[in-house]
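Asks: Next come the chains, spelled out residue by residue.
2 protein chains.
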Amino acid sequence: MLVFWRHGYEGASLATLTEAMGISTTSMYAAFGNKEELFRKALERYTEVPSAYLAEALEEPTALGVATAILAGTVRTTTLPDNPSGCMGVQGALAASDSGRGVRDLLVAWRQNGYAQVGERFQRAVDEGELPPETDPGLLARYVTTLAFGIAVQAASGVGRAELQEIADTALRNWPPA
Amino acid sequence: MLVFWRHGYEGASLATLTEAMGISTTSMYAAFGNKEELFRKALERYTEVPSAYLAEALEEPTALGVATAILAGTVRTTTLPDNPSGCMGVQGALAASDSGRGVRDLLVAWRQNGYAQVGERFQRAVDEGELPPETDPGLLARYVTTLAFGIAVQAASGVGRAELQEIADTALRNWPPA
DNA sequence: CGAATTCTGTAGTGATCGATACATAAAGGG
DNA sequence: CCCTTTATGTATCGATCACTACAGAATTCG
Numbered sequence: 001m002l003v004f005w006r007h008g009y010e011g012a013s014l015a016t017l018t019e020a021m022g023i024s025t026t027s028m029y030a031a032f033g034n035k036e037e038l039f040r041k042a043l044e045r046y047t048e049v050p051s052a053y054l055a056e057a058l059e060e061p062t063a064l065g066v067a068t069a070i071l072a073g074t075v076r077t078t079t080l081p082d083n084p085s086g087c088m089g090v091q092g093a094l095a096a097s098d099s100g101r102g103v104r105d106l107l108v109a110w111r112q113n114g115y116a117q118v119g120e121r122f123q124r125a126v127d128e129g130e131l132p133p134e135t136d137p138g139l140l141a142r143y144v145t146t147l148a149f150g151i152a153v154q155a156a157s158g159v160g161r162a163e164l165q166e167i168a169d170t171a172l173r174n175w176p177p178a
Numbered sequence: 001m002l003v004f005w006r007h008g009y010e011g012a013s014l015a016t017l018t019e020a021m022g023i024s025t026t027s028m029y030a031a032f033g034n035k036e037e038l039f040r041k042a043l044e045r046y047t048e049v050p051s052a053y054l055a056e057a058l059e060e061p062t063a064l065g066v067a068t069a070i071l072a073g074t075v076r077t078t079t080l081p082d083n084p085s086g087c088m089g090v091q092g093a094l095a096a097s098d099s100g101r102g103v104r105d106l107l108v109a110w111r112q113n114g115y116a117q118v119g120e121r122f123q124r125a126v127d128e129g130e131l132p133p134e135t136d137p138g139l140l141a142r143y144v145t146t147l148a149f150g151i152a153v154q155a156a157s158g159v160g161r162a163e164l165q166e167i168a169d170t171a172l173r174n175w176p177p178a
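Those protein sequence lines, which keep their order, are chains A and D. Using my numbering, the first residue of the first sequence is number 1, and each one after it goes up by one. Using my numbering, the first residue of the second sequence is number 1, and each one after it goes up by one.
Worth flagging that the hints you see were computed from the coordinates, not collected in a lab. Mixed in with the good hints, there may be bad ones.
Same chains, same label: a pair holds when it works inside one copy or across any pair of copies.
[To be verified] List of simulated lysine to aspartate or glutamate pairs, DMTMM-like, C-alpha gap at most 25 Å:
(1) K35 - E134
(2) K41 - E60
(3) K41 - E130
(4) K41 - E128
(5) K35 - E166
(6) K41 - D169
(7) K41 - D82
(8) K41 - D98
(9) K41 - D127
(10) K41 - E134
(11) K41 - E19
(12) K41 - D105
(13) K35 - E19
(14) K35 - D98
(15) K35 - E48
(16) K35 - E163
(17) K35 - D127
(18) K35 - D169
(19) K35 - E128
(20) K35 - D136
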C-alpha cells in the first residue's frame, strides 16, 4: 500500500511492490491475481486505516464538526512523517496511460463515493434543521471535498502540516459558506 | 502538450507523443534531446497559453478580483470541452516512479511558483491598504491555490464546469476569509 | 514415516519502454 | 548541376515492464 501511495499505480513496479511486501512475484499473483487487483486491495486497506477519519468524521454531531474533522483528518493523513505525503486516492492515478484507465476510473469512483457520503450527511443536517432549508448539501459536500483534494495536492508538493491546518481553519471560519 | 496533459508525464509514451506531433522519434530527439526536455517545453507552452489566466488575473485591480479571476480561469481551463480535463501542472506527475522524480520536482516547483506569485500580489494589496494589515498574504495565497488545485482534481474526476464555478463563487463569497 | 499437495523462489516469457545507428531524402552552396 | 550538409524515417538497441512456467521446499494427512 505504501508503495502505491508514494509512487502511484503506474509508477509502482512489481519488483518494488514485491520487495516491499517481502514476497516474490509468484506469491503475489497467487494471492491477488494481477497488479490491478492488488491495487484494489491496497485501496481498501487505505480506506479502512489511513482514511478512516472520513467514516469517523461523518458521525460528528454537527455539519461543521463533520467538515472540521474531514479537513483535519486530511491534513493529518497527508502529512504523516513516516508515510508518503499526499492522498493515495488522489495521486494514485490522477492521469494515466490507456492501460491504467481501469485504476484511474476506480479512483474517480472512490473520490465520488467520498463526496456522496458527505453529501448525504449534509442532507441529513438540512433535514434535521441544523442547516438552513435552502442549503444545497451537494454543493456543500463538493466544497469540502474540493478543499480536501486541494490540501492533498499541497501536501504532495511538500507543504507542511501546520500551514495546511491553518488553511483548513481559515476556510471553515465561515460556515456554512453559502 | 495535449498528450502530457491527458496522460501525465509517465503515462505518455514516445509513440503516442510523436504520433500526436506528426514527427518521428529521431526528429523529436534532435529537437528536444529527451522526453524530459520535451515535457519542459510542453509545460512552458502550457503556462503561456492554457494557464495564461494566472498572469492576467494578477493584474486585476483588487485582491478579490485576483482571486476571482484565478478560480474562474482554473474552472474554465480544467473543463475545456476539446481539451483534457484537469490541470497539467497537477496531474502531469503528482506521484511518479524514481525515473520521473525530475519531472515531479519540476511540477512541485511550478505549483510553488504560482503560489509565490499570488502571495506577492496579495502582499502588495496589504501594502497598499486594500487588505487589513494583519492579513497573512502567504496564507491567503495558499488558500486560493488550494481551492484551485482542488478544483483541478474535481475536474479530472469529471465534475462539470457549472458546479465547479458554483464552488468558486461560494468560496469567495466570504472575502477575505481570515 | 512417507506420499500427496500446497506454496514459494528462480528464471525467463513476449511486449513495450526510452533512446540510437544507419540509410535515405531534402536542402543549401559553388 | 553536382557535391556537401542537414534533416528525416526505419529498424533496432538494451532495459524494464507485467506476468508465468517449472522445479524445489514446506506442509498436510493417512
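Asks: For each hint, tell me whether it holds in the structure or not.
Replies: Comparing the hints with the structure gives:
With identical chains, the CA atoms of K35 and E134 are never at most 25 Å apart, being 46 Å at best within one copy and 52 Å at best between copies. With identical chains, the CA atoms of K41 and E60 are never at most 25 Å apart, being 28 Å at best within one copy and 48 Å at best between copies. Proximity of K41 to E130 under the C-alpha cut-off of 25 Å is found in neither arrangement, the shortest distances being 37 Å within a copy and 52 Å between copies. Taking the shortest Cα distances, K41 and E128 never come within 25 Å of each other, neither inside one copy (37 Å) nor across copies (54 Å).
In this assembly of identical chains, the alpha carbons of K35 and E166 never lie at most 25 Å apart, being 38 Å within a copy and 38 Å across copies at closest. In this homomeric assembly, K41 and D169 never come within 25 Å of each other (Cα to Cα): the closest approach is 33 Å inside a single copy and 38 Å across copies. Proximity of K41 and D82 under a CA criterion of 25 Å is satisfied intra-copy only: 21 Å inside one chain copy versus 35 Å between copies. Taking identical chains as interchangeable, the C-alpha atoms of K41 and D98 lie at most 25 Å apart whether they share a chain (21 Å) or sit on different chains (23 Å).
Taking identical chains as interchangeable, the C-alpha atoms of K41 and D127 are never at most 25 Å apart, the minima being 36 Å within one chain and 52 Å between chains. Taking the shortest Cα distances, K41 and E134 never come within 25 Å of each other, neither inside one copy (40 Å) nor across copies (48 Å). Taking the closest pair of Cα atoms, K41 and E19 come within 25 Å of each other only inside a single copy of the chain (17 Å); across copies the shortest separation is 36 Å, beyond that limit. In this assembly of identical chains, the alpha carbons of K41 and D105 lie at most 25 Å apart only when taken from the same copy (15 Å versus 29 Å across copies).
With identical chains, the CA atoms of K35 and E19 are at most 25 Å apart within one copy only, with a shortest distance of 14 Å there and 28 Å across copies. Within a single copy, K35 and D98 get their C-alpha atoms as close as 15 Å, and across copies as close as 19 Å, so both meet the 25 Å cut-off. When the C-alpha separation of K35 and E48 is checked against a cutoff of 25 Å, the pair qualifies only within one copy, where the shortest distance is 20 Å, while the shortest distance between copies is 38 Å. Taking identical chains as interchangeable, the C-alpha atoms of K35 and E163 are never at most 25 Å apart, the minima being 36 Å within one chain and 35 Å between chains.
In this assembly of identical chains, K35 and D127 lie within 25 Å of each other by CA distance neither inside one copy nor across copies; the values are 43 Å within and 54 Å between. Within a single copy, K35 and D169 get their C-alpha atoms no closer than 39 Å, and across copies no closer than 41 Å, so neither meets the 25 Å cut-off. Proximity of K35 and E128 under a CA criterion of 25 Å is satisfied in neither setting, with 45 Å inside one chain copy and 56 Å between copies. In this assembly of identical chains, K35 and D136 lie within 25 Å of each other by CA distance neither inside one copy nor across copies; the values are 40 Å within and 46 Å between.
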